[in-house]
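Peer 1: Chains as they are written, first to last, in my numbering: chain G, 10 to 298; chain E, 942 to 1214; chain Z, 8 to 675.
One or more of the hints may lead you astray.
[As the list claims (entries may be wrong)] Chain G regions said to be covered by chain E (calculated; three or more residues, Cβ under 8 Å): (1) 254-263; (2) 272-284.
[Said to hold, decoys possible] In silico DSS-like cross-links for lysine-lysine, where the CA-CA straight-line distance does not exceed 30 Å: (3) Z/LYS162 <-> G/LYS241; (4) Z/LYS162 <-> G/LYS272; (5) Z/LYS570 <-> G/LYS196; (6) Z/LYS570 <-> G/LYS272; (7) Z/LYS130 <-> G/LYS272.
For the record, the hints were derived by calculation from the structure and aren't laboratory data. Glycine included, every Cβ here is placed at the ideal spot set by N, Cα and C.
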Amino acid sequence: MIAPNHAADSAPAADEGREIRVRILRQDAPGQESYWERHAVPYEPNMNVISVLQRIAAGARSADGRPVAPVTWDCNCLEEVCGSCTMLINGRTRMACSALVDRLLEEQPEEIELRPMSKFPVVRDLVVDRRRLFRGLERVKAWVPVDDSYDHGPGPRISPEEQEDAYPLSTCMSCGCCLEACPQYTKIEPVRREGETGEAFAERRQGAFDRGFVGAHAVSQAMLFNAHPTGKMIADERLEALTSAGGIQMCGNAQNCVAVCPKAIPLTRSIARAGRAATVWAIKRLFDR
Amino acid sequence: MNVSTDESAAASFLGRNQFLIYRLFSLSGLVPVGGFLAVHLLTNASILGGAESFQGRVDLIHSLGALLVPVEIALIFLPILFHATVGFMIIAGGLPNVGSYPYAGNIRYTLQRATGMIAFAFIVWHLIHLHWLGAPVRGNALPGFDPHHASSTLAVAMGSMVMNLLYAIGMLSAVYHFANGLWSLGITWGLWTSPAAMRRANWVSVVVGAVLAAAGLGSLIGVRRVDVEAARAMEGRREEMRRMLEGEVPLPSARMMETAVEPRAVESPRTGT
Amino acid sequence: MAQPRVVVVGGGLAGLSATMRLAELGVTVDLLSLVPVKRSHSVCAQGGINSVNALTRQQGDSEWKHFDDTVYGGDFLQHQPPVKEMADWGPRIIDLMDRLGVPFNRTPEGFRDQRRFGGTLYKRTAFAGATTGQQLLYALDEQVRRHEVAGRVTKWEFWDFLAPVLDDTGRCRGAICQDLVSMQFRSFPADAVILASGGCGLVYGRSTMSMVCTGSAISRAYQHGAAYGNGEFIQVHPTAIPGADKLRLMSESARGEGGRVWVPRTPQDPRDPRTIPEAERCYFLEERYPKYKNLVPRDIATREIFDICTTEGLSVEKDRPCVYLDLTHLPRQELDRKLHGILEIYEKFQGVDPRDVPMKIFPAVHYSMGGLWVDYQRSATGGMEEGSPRNHQTSIPGLYAVGECDYQYHGANRLGANSLLSCIFSGLFCASGVIAGSQSSKRTAAEESSRLFDAALRREQDRHEALLGRRGSGDNPYQIHQELGALMTRVATVVRRNEQLSAAYDEVCALEDRWRRCAVSDTGNWTNQNVVFTKSLGDMFPLAKIILIGALQRDECRGAHFKPAFAVPGLQATDEAARRREAEEWCDRFASNTARWLKSTVARPGADGHPQIAYEDVDTSLIPPRPRLYGLVGADLIEEVWRERQQASEARVGGTGVGSGRPLAATS
Ligand SMILES: Cc1cc2nc3c(=O)[nH]c(=O)nc-3n(C[C@H](O)[C@H](O)[C@H](O)COP(=O)(O)OP(=O)(O)OC[C@H]3O[C@@H](n4cnc5c(N)ncnc54)[C@H](O)[C@@H]3O)c2cc1C
Ligand code: HEM
Ligand code: SF4
Ligand code: SF4
Ligand code: FES
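Chain G extracted, bound-state conformation:
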């Protein structure tokens, strides 16, 4: 994103003159054609994709020396906890900050290929609009419904086992890797119509989001809060959401989500638990009517 920094550390002599070739799928704005652009940056040991992008942005020239607008991308923490920097690197969804160049070159020696995520609308170059992902958290009410933020003493007692069960789920950084790799999660990119007001468009977009698959991350968050002693007080509302359009039923058990999650969150366990809870809940509701 910002603040490229040529490290003061220069490459050791052995690597002198070695270049990393990078191929980036660029797009100037939503709705525009995308195009490939080649870049080359001097090799340094221990680089990650972010530092490669920083050098590309600083140089603002393509491999053939043409001046080009700096490539745009998202990042913040640079230590794989904020979830900003998801992109397709050599065809696979992962975090750019923890994607080490040396490893990537082992995978594919000729060049590194960078593309924006394909399941979210491109804003520009490698930046995508992941609002639908956050909307998923709203749909499943991923929060503990406390009365207020005043002092009411400590929270409920929780056993170490429950904590160990909950903690991994709670490390989800909303990066969207699980959604990108999910064959059941498809892109929703509504376009504003002529004469449509901003609000009307936002509403229409939200409606579309709400009919689409919520995705593994949201299912997992729903299970996290349905297991919390206070969170479970609105368990029914979460199950209602999980069994409405775009809910848990959309999952086809490809289990890519769990394979690509950078935080190794046990997503398929959450999905199966959600399946079980939804089964019980639906049957119960059938008879309670």
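Dock chains E and Z with the ligands against the given chain G, drawing on the hints supplied.
Peer 2: Here is chains E and Z with the ligands on its own, set in the frame of chain G:
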């Protein structure tokens, strides 16, 4: 399902009932469709035990008489049609990506869809080829299946190697689809939730798949082993007997009956070859 | 009067807790952030959050002791009432976070578990795995999302705060912000604006901070007249993993579990570290501090590592200063059990397993104790008066600051795990005062004439257009930033020398000049990160100047601010009487230094573009300042002398005195 930004009435109906529809779809894969598949393949495998035993099973099914058609429609055709329709909708809504993510689970997911479609094509062909429903379509161009002459007509219909190959592919697809579907169904309904339980469940589906695959392939072998002439003779006798029992022809002598119920006396699989 | 409307800039722990509390109180909040709030820098915090708890209480701990540790750790450079209030609130805040669902580690019986951190004797730190900051942030993010769904909060993510809008009385009436996607400008009329924009590590180029920690928001507030406090106090953490893009923190616990710091005795020994024999290794911390060894306090470890690389030239690598942090002698299993999280970071980012190969680490800029100067109202009990509009108000009425971007809680040095507490506390605590303040103002923002906002908006638009329209000198903003970072890291981190600082000040001015002439390489008006970066780079210069001038003028050593020229050595004499005399002298010197320098640095923008520095007395009415003697030769004797003097003066006065009023009035 493809999500459009505007909702038609139909889409809204499907949306509201999506969970129910998908769960019925999932259930239909097990009962009745999966159940039927298992019964059907195991029945067919009985041909390994000889034409007569096979004929016996077929007769048992057809003893339903006039009820058979409504039963077939309600418990087999409609469920398959429902399952297939929803299945195609699901397939249309997904975006397989094994190229980028060649993980075991993803390959299985993709195969589940591929085999579903193959199974569908196969079922259609199978109906045309061997079922009475397909008779008008196949006309006289193809030899069909006659339940009263099960083994012999089957042996003739399945005469070519190409046909055997076609059936092998179709059946194995259906079997893979069903077995892997069982595993997936367990997750869908929440029967196995932990990774360890999923691994154990995997073995269950492997065993189910292996048994059904053996049954399916076995029936192909069984059909190839049928001595058409001998089978015809046996079927003729059974046919005659059936008519007699139903009073269409006078009662036979006791001796004739004995011969008729003594299969080994008339059938000797290896004599023909 | 209608419910007020408040703009919160920043969605880290501080901004989110303020938003949550305000929304709960019925206020309509516009929450702005450069990144989705869930991705704010607070996610990076690993260790934990401090507070007294039932367990430590029974071991003799109390809110007062937490307060005392914080003040002592900060070398007394913070007003004590707000710190006391924070320590008092600690247990309630942990309880609240617990209720919000933070998965704190548990004891077998199901209580929250605690670990021990630096600067205290008690196990005061609650933690959630090795990602406490992330867990706390998510809990608040979830609550704010809940309020957002209920319509009380509007989030503006990917928005940049450009300027406060001040009316003719100098009161803040709202903010001008820019959409980072469409590059559109928008004014946000508000009855109060709360800045919660975090630290400014990027002034140093690379640090342990995230990429949005440019300090741009506070710099812009400062440029509009808000005073800035204690800018020169920047914490440098001893152990971080140097990276081309970022310096990633390697927690103190690596040394706590037995990690050893060393360098080869031969400069830049090219051998594989594992093959270098013991005799040819220099375990410099163990050699120089036989008592504390590798666990000397942070500032000392930082200084030693820095010295061995820069002045002694023993860095492991030639082009890049670093030393070995060695865990390879420890059993793998134990490492996995206790340090898994941080070892994984090293492994992921360096591609090397630290269980097999010694880690290469170096100190890194980590935290800014300084920040926007904020006010407070002292309560009758010596704490902070809840509901007072003065609390956390900057020198611009109606403009507030909370979290890492205020200067209030950590004095000259922050204790580990205290920042998460101060962020959540200040956010929650300020809310009632903000509401009271906006209700006391005569006009609401909505009644303010639109001319005010239009003019402010146009100013920012013009600035933006001018930046886009610059015809370049060929200079590159990224290059300038790199030079600024390198310069600041060289002169204004661990060891500070006046000649260097004053030379650096001129260099910063020269860099700023170059910045004025450099052009952006992207002149488009869609998601133009280039121009946003260039703009925030321009806002780093005022901060750099504040830091340099503050450091230059402060001729003493205090907390993170170390000037060798003004360091007071320990006792040298060996004979009893001479030693006693030296101790007396030491204490005299300490007393006069306290009288001279126990003052907050307060910077205001001068007309000529240079910061104007003033000094503000510190309210030390609750705990009288005492010398920090950790590791000093003759510490026992000095302490004894000091205690005697303390007792004598208390006998004279008859108890602790009550602090006077605030020296710096909250007007502008
Ligand atoms: C690696 C690391 C580990 C740490 N570990 C600990 C620990 O264990 N315990 C502890 O107590 N402390 C720890 N700290 C310190 C602590 O994490 C921070 O001080 C704290 O998180 C700061 O929170 P904040 O809410 O003030 O700001 P941040 O979390 O930094 O949030 C700032 C917000 O302001 C927004 N913003 C900034 N500028 C603008 C602008 N111009 N316009 C709009 N929005 C803007 C950003 O988008 C962001 O949302 C650690 C720090 C680091 C770097
Ligand atoms: C031979 C008869 C068939 C049987 C026994 C059968 C059985 C099953 C079973 C048990 C499942 C698992 C359901 C679940 O995961 O919950 C399944 C899934 C599926 N079936 Fe079938 N099926 C048959 C035919 C078909 C046909 C003709 C199609 C149409 C193409 C089809 C398409 C699918 C699809 C797409 C799935 C995956 C659904 C998902 O995972 O989301 N199936 N089937
Ligand atoms: S579940 Fe994993 S992959 Fe999905 S958003 Fe969360 S951290 Fe990312
Ligand atoms: S298991 Fe479900 S959610 Fe996960 S990748 Fe497969 S289809 Fe998507
Ligand atoms: S930058 Fe935060 S996850 Fe990569």
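Peer 1: Each hint should be assessed against the structure and marked as holding or not.
Peer 2: Consistency of the hints with the structure:
Coverage of the stretch 254-263 of chain G by chain E holds in this model, with 10 residues showing a Cβ closer than 8 Å to a Cβ of that chain against a need of three. Proximity of the stretch 272-284 of chain G to chain E, defined as three or more residues with a beta carbon under 8 Å from a beta carbon of that chain, is established by the 8 residues found. Our distance criterion of 30 Å between C-alpha atoms is met by Z/LYS162 and G/LYS241, whose separation comes to about 27 Å. At roughly 26 Å between alpha-carbon atoms, Z/LYS162 and G/LYS272 fall within 30 Å of each other, so this suggested pair holds.
For the hint linking Z/LYS570 to G/LYS196, the alpha-carbon distance of about 58 Å lies beyond 30 Å, and the restraint is violated. Under the criterion of a C-alpha separation no larger than 30 Å, the hint pairing Z/LYS570 with G/LYS272 is inconsistent with the structure, at around 43 Å. A distance of roughly 29 Å separates the Cα atoms of Z/LYS130 and G/LYS272; the hinted pair therefore holds under the 30 Å criterion.
The structure fails hints 5, 6 (numbered hints given earlier, in ascending order).
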